[in-house]
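Asker: In case you want the letters, here they are:
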Amino acid sequence: MIRSLLSGDTPRSLPLALLLGGILICLALAPFLFPGVRTVDTAARICVFIVLVASYDLLLGYGGIVSFAHTMFFGIGAYGVALASTHMGRGFDAIAFGAVAGALLAAALALVIGLFSLRVRAIFFAMITLAVASAVAVLVSQLSGLTGGEDGLTFKTPRELGPAFKFGKEAFDGTLFGVKLNGKLLAYYFVFLGALVLFLGLLRVVNSPFGRVLQAIRENDFRAEAIGYRVVYYRVAATCLSAAIAALAGSLYAVWLRYVGPDTSLSMEIMIDILLMVVIGGMGTMYGAVIGATLFVLAQNYLQNLMGAAAELTSALPLLPELLNADRWLLWLGVLFILSVYFFPTGIVGRLRNSG
Amino acid sequence: MTDFVRPKMTAAPEHAPKMAEVTFRDRIAPHMPILLVPLIAIAGFIAIQNPSSWLTLTVSGLAMGMMIFIMASGLTLVFGLMDVINFGHGAFVSVGAFIGISVLMLLGHMTEAPSLMLNLGAILLAVIGAMLATGLMGWAFEKVIVEPVYGHHLKQILVTMGGLIVVEQLIIVLWGPEEIYILRPEALKGAITFAGAAIEKYRLVAVGVGLVVFLAMRWVLRRTKIGLIVRAGVENGEMVQALGYRLRLVFVGVFIAGSALAGLGGVMWGLYQEVITAHMGNHAMILIFIVVIIGGLGSVEGCFIGALLVGLLQNYIAFIEPKAALISNIALMVTILMWRPMGMIPVVKAK
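Residue numbers (numbering that gives the first Met the number 0), protein chains in the order written: chain A, 0 to 355; chain B, 0 to 350.
Treat the hints as calculated values from the structure; they're not laboratory data. Quick caveat: nothing in here was measured; it's all calculated off a predicted structure. Be aware that a few hints might be false.
Claimed, not checked - Computed, partial: chain B to chain A, Cβ under 10 angstroms:
{"hint": "1", "residue": "Phe86"}
{"hint": "2", "residue": "Leu286"}
{"hint": "3", "residue": "Ile289"}
Unchecked claim - With the Cβ distance kept under 10 angstroms, some of the chain B side facing chain A (calculated, not the full set):
{"hint": "4", "residue": "Gly150"}
{"hint": "5", "residue": "Ile171"}
{"hint": "6", "residue": "Ile179"}
{"hint": "7", "residue": "Arg183"}
{"hint": "8", "residue": "Ala215"}
{"hint": "9", "residue": "Met284"}
{"hint": "10", "residue": "Met337"}
Think of the CB as a built atom: it goes at the ideal place given N, C-alpha and C, for glycine as much as any other residue.
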């Protein structure tokens with residue numbers, strides 16, 4: 000049962016299996032284990048980022064293609080839901096329509112970019128996606144009539160997903176293990192289950208014959224071509240699929256936040272975060288996305304405070320407090336990133352699998 | 000003995016061999032990229048219909064193109080020579096701008112004086128400082144970041160991107176997070192009027208510097224021994240190594256020169272925008288990539304033409320429909336890639 004759910008791709012290492020199981024349980028029971036607005040918010044962010052990073056890993060780790068437009072696809076999904084909810088009125092139909100439209104648009108855009116760049120050389124793709132993504136980000140902030148510009152859009156999700164909606168009054172007296180049964184709880188499980196389904200779907204994809212061919216192309220595209228696989232076709236298909244799933248992840252995030260804006264969905268900073276999560280977790284293993292996203296989001300939320308404290312402790316020394324300032328978080332991430340690409344190319348998952 | 004019937008000799012059929020006529024299309028094809036520049040300028044003239052604004056826009060487009068070329072040329076050569084793609088190239092632009100502007104601020108007495116010679120002297124000192132710093136930085140970048148990942152595109156992209164982030168953040172640590180506004184030197188402020196068009200003086204300087212850099216680079220690549228080795232290396236590196244040249248050393252040299260040029264471009268870009276931020280290199284990278292792609296990765300001439308096209312088109316479009324300016328570059332790139340998928344002047348590898 001579990002084997003077939005995981006598409007035959009088991010963790011293959013005891014510590015890794017324990018870690019993944021722990022993360023799954025913590026996420027599944029997050030509202031009960033860690034009640035609190037901030038912790039549940041962190042858990043939802045982790046769920047969304049797991050899907051986002053896993054879809055990026057399909058491209059980077061399995062396809063060997065570097066894209067800088069992943070946040071653009073993420074944003075398309077988020078804005079799809081936001082625009083649909085604004086113009087069609089709150090409701091699940093608006094969410095579904097926005098998510099599907101966003102995913103289709105993302106896939107279509109990926110198809111166009113992929114056909115233009117991947118047929119020549121894979122390296123064009125990285126440069127072209129960077130250019131297109133930044134153009135789109137500027138466009139979104141300029142078209143403020145439609146997208147709300149820099150301020151973004153706040154919209155209403157269905158009443159059932161909002162904190163005002165209470166249920167289970169008769170059966171449980173409105174609370175379960177001390178947790179209020181309201182729409183926010185439902186929204187969390189909406190995000191959690193959506194993320195779980197998408198992740199298992201991705202696991203299915205990479206362990207299918209299609210995924211094998213992608214890996215073959217990553218290892219040696221010339222040979223794959225010689226065997227008779229149409230390299231461009233596979234690469235473009237992977238790009239489209241990955242874009243569509245990133246857009247769905249964006250939709251989930253929009254449903255959770257009930258807000259979209261350039262900073263939460265389109266910024267280059269998120270793109271760098273995604274790159275880091277993939278590399279730290281382990282490229283070319285879907286489980287790497289789980290571990291990378293979890294560690295990273297936790298670190299982002301809690302380590303920054305620690306850095307602030309360290310900066311205060313060293314405030315007497317020159318330059319050091321500047322370097323340890325919480326705003327310089329990105330500096331240390333960059334250093335960590337370079338070091339992990341050099342010394343740790345298989346990431347945490349690769350290390351655990353090799354050692355066990 | 001039978002009679003051997005000789006076949007009757009006939010004259011060879013009338014035949015006047017003639018070379019297939021080279022069509023006009025074929026003859027013009029190799030020159031098409033360079034012809035695109037005046038074509039775009041003419042199209043802009045037709046669209047704008049106002050000679051004096053057209054002249055203003057053309058000069059500013061040329062200036063912008065020249066500055067992009069200065070920044071992009073190093074990237075394209077480095078790729079052509081060693082197949083290394085440096086996503087951190089923008090870092091040199093930022094660093095160059097910050098160091099150059101800091102030097103200019105130190106030389107306040109020279110920049111505030113209304114003498115053109117003193118002003119240009121100050122800029123020259125700033126440029127030298129910036130180029131030295133970015134050249135050194137390029138050398139370090141090559142040693143620390145690029146060298147361990149030769150021949151591995153995926154890792155190169157990741158690692159150089161990481162390098163860009165680190166450098167950007169270090170700039171913020173050293174110079175603070177706020178953007179720095181700057182004033183151009185006294186003699187370069189304002190505009191001169193020519194045929195009813197206001198042309199900013201600084202843009203003329205930028206066009207001049209860009210042309211000098213382009214011609215100098217062309218001269219080095221075409222007329223000197225080192226240029227010969229570089230061009231041969233782009234075409235077939237292994238052969239050059241087999242002939243006993245240390246291509247690796249040449250490559251490091253090209254990397255340093257390219258970084259220094261990016262620094263020079265950064266100073267000029269900063270003075271052009273009159274504001275510098277730590278992220279300016281990252282923003283410039285977008286234009287640089289577009290230029291390098293449409294020019295053909297590895298080709299200096301293609302890069303030059305591509306930069307002029309981008310500069311001109313962006314200025315014309317920004318005048319006609321401001322919101323479409325950024326999209327116009329993407330549209331230009333798409334059109335060119337449809338026409339020539341490898342870029343306008345693709346580099347032929349003899350491998």
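Asker: Against each hint, give a clear statement of whether it holds in the structure.
Answerer: Outcome of the hint check:
{"no.": "1", "hint": "Phe86", "in the structure": "8 angstroms, holds"}
{"no.": "2", "hint": "Leu286", "in the structure": "8 angstroms, holds"}
{"no.": "3", "hint": "Ile289", "in the structure": "5 angstroms, holds"}
{"no.": "4", "hint": "Gly150", "in the structure": "13 angstroms, violated"}
{"no.": "5", "hint": "Ile171", "in the structure": "7 angstroms, holds"}
{"no.": "6", "hint": "Ile179", "in the structure": "17 angstroms, violated"}
{"no.": "7", "hint": "Arg183", "in the structure": "26 angstroms, violated"}
{"no.": "8", "hint": "Ala215", "in the structure": "27 angstroms, violated"}
{"no.": "9", "hint": "Met284", "in the structure": "7 angstroms, holds"}
{"no.": "10", "hint": "Met337", "in the structure": "8 angstroms, holds"}
When held up to the earlier numbered hints, the structure conflicts with 4, 6, 7, 8 and fits the remainder.
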